[in-house]
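Engineer: Protein chains in written order, with the numbering used here: chain A, 94 to 347; chain B, 189 to 470.
Some clues are possibly wrong.
Below, a list of computed lysine to any residue pairs in the SDA-like style, where the Cα atoms sit at most 20 Å apart [to be verified]: (1) Lys364(B) / Phe175(A); (2) Lys159(A) / Thr367(B); (3) Lys223(A) / Pro300(B); (4) Lys364(B) / Lys222(A); (5) Lys364(B) / Lys223(A); (6) Lys222(A) / Asp198(B); (7) Lys394(B) / Lys159(A).
Worth flagging that the hints you see were computed from the coordinates, not collected in a lab.
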Amino acid sequence: MSTAVTEAPAAVTLSAVSKVHGHGRGAVHALDQVSLTAPPGEFTCLIGASGCGKSTLLSLVAGLDKPTSGQVTVGGRVALMFQEPGLFPWLSAAGNIEVALRARGVGRAERKRRAAELLDVVHLGGFGKKQPHELSGGMRQRVALARALAQDADVLLMDEPFGALDAMTRDFLHDELDRICAGRNLTVLFVTHNVREAVRLGDRVILLSSRPGRIIAEYPVPMQRPRRIDSAPVAQLAGTITDRLREQVGRHGK
Amino acid sequence: MASNTLAGLDALDLDVPARGGGRLGYRAWAWLWPKALAVALVILAWELVHLTGWKKYVLPGPGVTLSNLWDQAQTGLLWHAIRTTLERAVIGFALAVLIGMVVGALVSRIPPLRAAVGSMITALQTMPSIAWFPFAIILFGETTSAILFVIVLGAAPSIANGLITGVDYTPPLLLKAGTLMGLRRLSLYRHLILPASLPSFVAGLKQGWAFAWRSLLAGELLVLIANQPSIGVLLSTYQAQADMASTVAIMIVILVLGLCVDSAFGAADRAIRRRWGLTGTG
Chain A
94 MSTAVTEAPA
104 AVTLSAVSKV
114 HGHGRGAVHA
124 LDQVSLTAPP
134 GEFTCLIGAS
144 GCGKSTLLSL
154 VAGLDKPTSG
164 QVTVGGRVAL
174 MFQEPGLFPW
184 LSAAGNIEVA
194 LRARGVGRAE
204 RKRRAAELLD
214 VVHLGGFGKK
224 QPHELSGGMR
234 QRVALARALA
244 QDADVLLMDE
254 PFGALDAMTR
264 DFLHDELDRI
274 CAGRNLTVLF
284 VTHNVREAVR
294 LGDRVILLSS
304 RPGRIIAEYP
314 VPMQRPRRID
324 SAPVAQLAGT
334 ITDRLREQVG
344 RHGK
Chain B
189 MASNTLAGLD
199 ALDLDVPARG
209 GGRLGYRAWA
219 WLWPKALAVA
229 LVILAWELVH
239 LTGWKKYVLP
249 GPGVTLSNLW
259 DQAQTGLLWH
269 AIRTTLERAV
279 IGFALAVLIG
289 MVVGALVSRI
299 PPLRAAVGSM
309 ITALQTMPSI
319 AWFPFAIILF
329 GETTSAILFV
339 IVLGAAPSIA
349 NGLITGVDYT
359 PPLLLKAGTL
369 MGLRRLSLYR
379 HLILPASLPS
389 FVAGLKQGWA
399 FAWRSLLAGE
409 LLVLIANQPS
419 IGVLLSTYQA
429 QADMASTVAI
439 MIVILVLGLC
449 VDSAFGAADR
459 AIRRRWGLTG
469 TG
């Protein structure tokens, strides 16, 4: 009976979505008339300065919040990764993955097997028994990624997931994420304010303005994978986008 | 190759394991000697007061008292009394935990109930338990039920409050993560909210136990049940006989029992903190 859901095109559509926080004079326009379509398997990066409503947008897609107007359609299951790993501190790394499997009704033996498999996917094979606090920030974030994968989602939402990591770890996690997405036909919405990261990872980069958040530009990223964050074409496109972003942010300084 | 570098990065990232406490014997000694020293100092100070001759007709020295305690330990009476008292403590505390948990779970879940009952729980907590005894004795007569009633009233509010605080302080990020995973209602409680509130719940249990133990001893001094020796009964009997050595010996028993239970709660608390990574040394 679940086949109907899995066979449906897994993609995200936002049509003229607006979100206002609060009412009256204190109301904040977080998103204004945002329309966006993410086809299945596409990696979309959303970039913008503070106050562009990036996180609001992800909350709407995740169903944690309702839009004030407009429509959000999501085909398939959604998983969300935050800047903090958000692991349960009382469970081991494997336990954290198993609890996500359990929420989907996966049986006990199968849970154990799948959790071990997913830990291997994020190269943490020997670390299943460790508590989150015994792992480094990058390792915790990989456990969080494994947990997101355990939810068997069609759409993966990522809210600055590597923002708190050092540059070297982040580089490696970019490679990992490339590799993991390649095999799974995952639709990814990736929010960041690191322009190079967006160009390194995305099939396209969407630039949002701040207060209210609107889509002001869209850049397809034509470079072949695997890419490097320090390659010339990545740096060049990132430069173009950064200029546009600065010009946009400058308007708020007047 | 890439995964090799990643593994190398992981190995470098991991904390160097902190110096373990060494062998078991060494750790036991490190745990024991400050306590032994403290006891020795107290006995020394006591002996010094005794030697000055202050209140020398009523205040016995440590030697007399400790040998009195030894003698009492040879009789069945003291052990019988300890058993009765601990039985009441366990039953009363278990009832308090049960009631506190149910009340705490309901109040933390149902907002109108919280508005109505929430502040009443704290008010109940500030009421000295001894003030409940006249009420309890009239209600139940001079029975064990009267004592248990006061224990529950003393301990349950702390336990309920511990649970409520724990539920309130469940990090919103974890709640978001849990909801998105598909945990709902009961499973959300079972897999997320209850474990997340465990540290605060244990703190509530510990505080509840302190209230229960005080209420129990107060109860045993006030509610005199015939033919049932208990710690409180022994204490009031020796007071009536002006037998100071026996009185102090019983007080030492009370202190030791309290310390034992407290260290059990302390161990539970440390185990949780170690598991969660909340200890300073990691």
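Engineer: Each hint: holds or not?
Structural biologist: Here is what the structure says about each hint:
As the CA atoms of Lys364(B) and Phe175(A) are separated by approximately 10 Å, the hinted pair is consistent with the 20 Å bound. For the given pair, Lys159(A) sits about 15 Å from Thr367(B) by alpha-carbon distance, which is consistent with the 20 Å threshold. Restraint check: the Cα-Cα separation between Lys223(A) and Pro300(B) comes to about 41 Å, which exceeds 20 Å; the hinted pair is violated. Our distance criterion of 20 Å between C-alpha atoms is broken by Lys364(B) and Lys222(A), whose separation comes to about 24 Å.
This hinted pair does not check out: Lys364(B) and Lys223(A) have alpha carbons roughly 23 Å apart, beyond 20 Å. The suggested pairing of Lys222(A) with Asp198(B) holds, with an alpha-carbon distance near 15 Å, which does not exceed 20 Å. A C-alpha spacing of about 43 Å is found between Lys394(B) and Lys159(A), which places the hinted pair above 20 Å, so the restraint is violated.
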